[in-house]
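Engineer: Next come the chains, spelled out residue by residue.
Protein chains: 2
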Amino acid sequence: MGSLRSLSSSCRALLVGRRILARVTSVPYRLYQPGDQATKDAVEDVIAQKGVQKNFVLKTPKGTHDVHPKQMAIRERILSTVVDCFKRHGAETIDTPVFELKETLTGKYGEDSKLIYDLKDQGGELLSLRYDLTVPFARFLAMNKITNIKRYHIGKVYRRDKPARGRYREFYQCDFDIAGHYDPMIPDAECLKIVHEILTELQLGNFCIKVNDRRLLIGILTVCGVPETKFRTVCTSIDKLDKIPWDSVRRELIEDKELKAETVEQIGKYIRLNGGLPLLEHLWADSKLSQNNLAMEGLRDLKLLNKYSEIFGVTDKIVYDLGLARGLDYYTGVIYEAVLLRNPGGPPVQQNGHSEEFGSVAGGGRYDGLVGMFDPKDRAVPCVGLSIGIERIFTLLENKYKNSKEKVQTTETQVLVASAQKYFLEEKMKLIAALWNSGIKAEMFYKENSKFLSQLNYCEERGIPLVAIIGEQELQAGVVKLRNVATREEMDISRENVIEEIRKLTRRQ
Amino acid sequence: MGSLRSLSSSCRALLVGRRILARVTSVPYRLYQPGDQATKDAVEDVIAQKGVQKNFVLKTPKGTHDVHPKQMAIRERILSTVVDCFKRHGAETIDTPVFELKETLTGKYGEDSKLIYDLKDQGGELLSLRYDLTVPFARFLAMNKITNIKRYHIGKVYRRDKPARGRYREFYQCDFDIAGHYDPMIPDAECLKIVHEILTELQLGNFCIKVNDRRLLIGILTVCGVPETKFRTVCTSIDKLDKIPWDSVRRELIEDKELKAETVEQIGKYIRLNGGLPLLEHLWADSKLSQNNLAMEGLRDLKLLNKYSEIFGVTDKIVYDLGLARGLDYYTGVIYEAVLLRNPGGPPVQQNGHSEEFGSVAGGGRYDGLVGMFDPKDRAVPCVGLSIGIERIFTLLENKYKNSKEKVQTTETQVLVASAQKYFLEEKMKLIAALWNSGIKAEMFYKENSKFLSQLNYCEERGIPLVAIIGEQELQAGVVKLRNVATREEMDISRENVIEEIRKLTRRQ
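Protein chains in written order, with full-length UniProt numbering: chain A, 1 to 509; chain B, 1 to 509.
Hints should not be assumed to be uniformly reliable.
Just so you know, same-sequence chains aren't split out, so a pair can sit in one copy or run between any two.
[What the hints assert, rightly or not] Using 27 Å as the maximum straight-line C-alpha spacing, the simulated BS3-like pairs for lysine-lysine come out as follows:
(1) 145 / 447
(2) 145 / 400
(3) 307 / 422
(4) 422 / 303
(5) 230 / 402
(6) 504 / 240
(7) 402 / 145
(8) 504 / 422
(9) 162 / 59
(10) 307 / 451
(11) 62 / 243
Don't read these hints as lab results, they were simulated from the structure.
Work out the full structure: start from the sequences and follow the hints.
Structural biologist: The structure is reproduced here in structure tokens:
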């Protein structure tokens, strides 16, 4: 007779079937001979595969989660709002692989590179899971020699981050980007308009869009006397301003980053500034800044952006915030980040940004050098784009639904084909096939006989508006009884009219 | 001054901006001092990141590919047909992580397990990319103690396969499954109905659905005298019958699998049989098979399935094919596979299946033991499901579009806001903002001035039906000129009516 190991094949797969399951689970004594190493291995093999050994953990990987039908239904609604907006602005969509060559991602994310997931070297290429959708987009443009495109991309990205509240290691990104050589700030203003439209339509409450420019920020650091070598690390500290107060940032800059106290004071004067157009005018007149070309270039573009934003009607939400740094290395110009505000009706401008915000729900900026990094001839393709923080929005709206107790429908079924009596399975199958063939969304119970009440309850639970009832009487009369689940009204409809009637009744809903 | 390495930070990201790009690319001599190791490293670092070193390959990983806008547009149409069908049958949808704990996938795929992608051990859990959507589904059911659900799931799966024609290492699966304790063959018949509906609606040409039962197959091997230990490996050989002729399979079974010639002859007599209900009746009366309970159980279910399939009107495409084995370990009952046939009008039954087929486009079966493998108390949740071979279908329909020369539209833009004269940027921006705010899909060129002809050409290329033209004259008259791109008709519409008119004109299309 075969040992248990010999069963670890399609045969065992068969044996774990419903009726024979017990046999393998209990490890049949006739096969188990203690002392026989091969048999022992085989038994352990089976136990391991049955998942009954002590250490077996039934879970998803750390920082990941399943999405249940109700969550999916909410997500689909949100995504359809977002995609509708992207399409309204004329975007196409693309898809790229979930993993890239490791070297494609190398040197694009600065300090964050340590969070990249690598695949095991199983022979062949060294691969990493994508960290965002922007670098794959740039690789796509360079590889296909595309010099202008307006595209959106919705896909999962991966970061080996410490899973904190609402932060996942696998999460969706939802990006819109405009690539091409265009006149300054026109695409950039459209990106702000899109963020404004989406956050408004999703009814997330009051928000503001913080705007800054990398050139302005670097210009400020330069005129304050920060050495070039420290730009990056100083930016990292500044980036924390939305989470910790200036005093803590200041201490970090002096103690950890070893800047002079005087330099830090000067930085602090600039980067804590925020406001509207007057702030830009004020900086334009700043005697120190005006000596720095990079800063002036950034300011000139911000002023133009403000003009276009006014035309687009989005300046009500825009705050120029010199403390906005954004983490990623690849930005080269305008940067922005939309945050929800705790004070629903209040003004978007905050004194101490960190204490009044609810969290970032969108961000983006201009990255004119990234595509060139992939091009053998260094041909640059200027890009500007935005990323909707869709996972945070999912969470916010899931909670909103939970609190509102509004029922989330996970299916679109229009009619349940049911029977109040036994032995009508075949008749129900005939009817439901006719409904499916006419494009009507229909379900039936997968049992020969079910209680009528269970069928009605199912409709109420699932929000199915109609029941099509077949019984002895209906069969003889050549009719189907249609029951409105909400009103409990019933009416007999002749068999040949039933499809049309269902269409009519569910259209009315 | 800082070395080049000191620039590998947000500062460099800035410097690779449009206007300053050349500086870094050409490695400025003032920074490059030969002999200085740190500088040399830094230069190499920049070169590596600029992608100009000799070995840099600009590509997607082996066996993966980008999906371009036109392909995406075709895919979205196909997926919407498929999802509509799943919804018509009352399915919900879920999502699961792209990677699972390695142990979750262990022991589920038999020989194919070697094709699983593992993630690198970077500290923490050992993870693998999902190989299909079925095992994650079973894990999801067991983990959440769900005992019945009807769900679809569309997602990418990963297999380290040799990339052959049309076979990818990353590809979409598109699954529909029914889990729960139900009466025999009712959900199974619905799965066949769904495959039938989808393949018919997608107009892929003639197809047949091969049906078999794992229990019947194992019963046949048993009565032919195949030892239990060889079931699995014999099944693997049989599974090749759709690709190589019986003679080759026979030789493999005798020479490689070391079966007796007599046994192989007997197997050959059974597994080359295919046909409709009469074949099932013939087998039912087979004196040898009737001694095997497992085979009879399988046959009884197939006969019931045939009855339900008749009611559902799908038997025209069904062929019972005893040579269908299917690779995966977890099937325990009915199995099926839909193949496209080369002879568009011919009968679905083939003499030598392998030569007449175009390839598998759907498959599935019953797997009653898989969920129990994840349950600490071995509670089984019977499941039956199907997987649409969506990648093959994508390829088929992409080629069909290419050959038909029908233009695939990648955007839904209704109107291009244009100007025949210079200096109307701001007026165009005002108009387009109003259009966007009214939900109209609109684009404009991102340039202060563009040639009018370029704007018209763009509309023709992209299938944009309308142009909204603003010029000096229109501005003074308070109108917008609407031009129908196809007919070249133009008419002046007063500014306050333009939105309504665009809606009317694009609705008519």
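Engineer: It remains to establish, for every hint, whether it holds in the given structure.
Structural biologist: Against the structure, the hints:
no.	hint	verdict
1	145 / 447	between (58 Å within a copy, 21 Å between copies)
2	145 / 400	between (44 Å within a copy, 26 Å between copies)
3	307 / 422	between (73 Å within a copy, 19 Å between copies)
4	422 / 303	between (76 Å within a copy, 22 Å between copies)
5	230 / 402	neither (47 Å within a copy, 54 Å between copies)
6	504 / 240	neither (58 Å within a copy, 51 Å between copies)
7	402 / 145	between (47 Å within a copy, 21 Å between copies)
8	504 / 422	neither (29 Å within a copy, 54 Å between copies)
9	162 / 59	within (18 Å within a copy, 31 Å between copies)
10	307 / 451	between (67 Å within a copy, 24 Å between copies)
11	62 / 243	within (25 Å within a copy, 42 Å between copies)
Violated hints for the displayed structure, listed by number in ascending order: 5, 6, 8.
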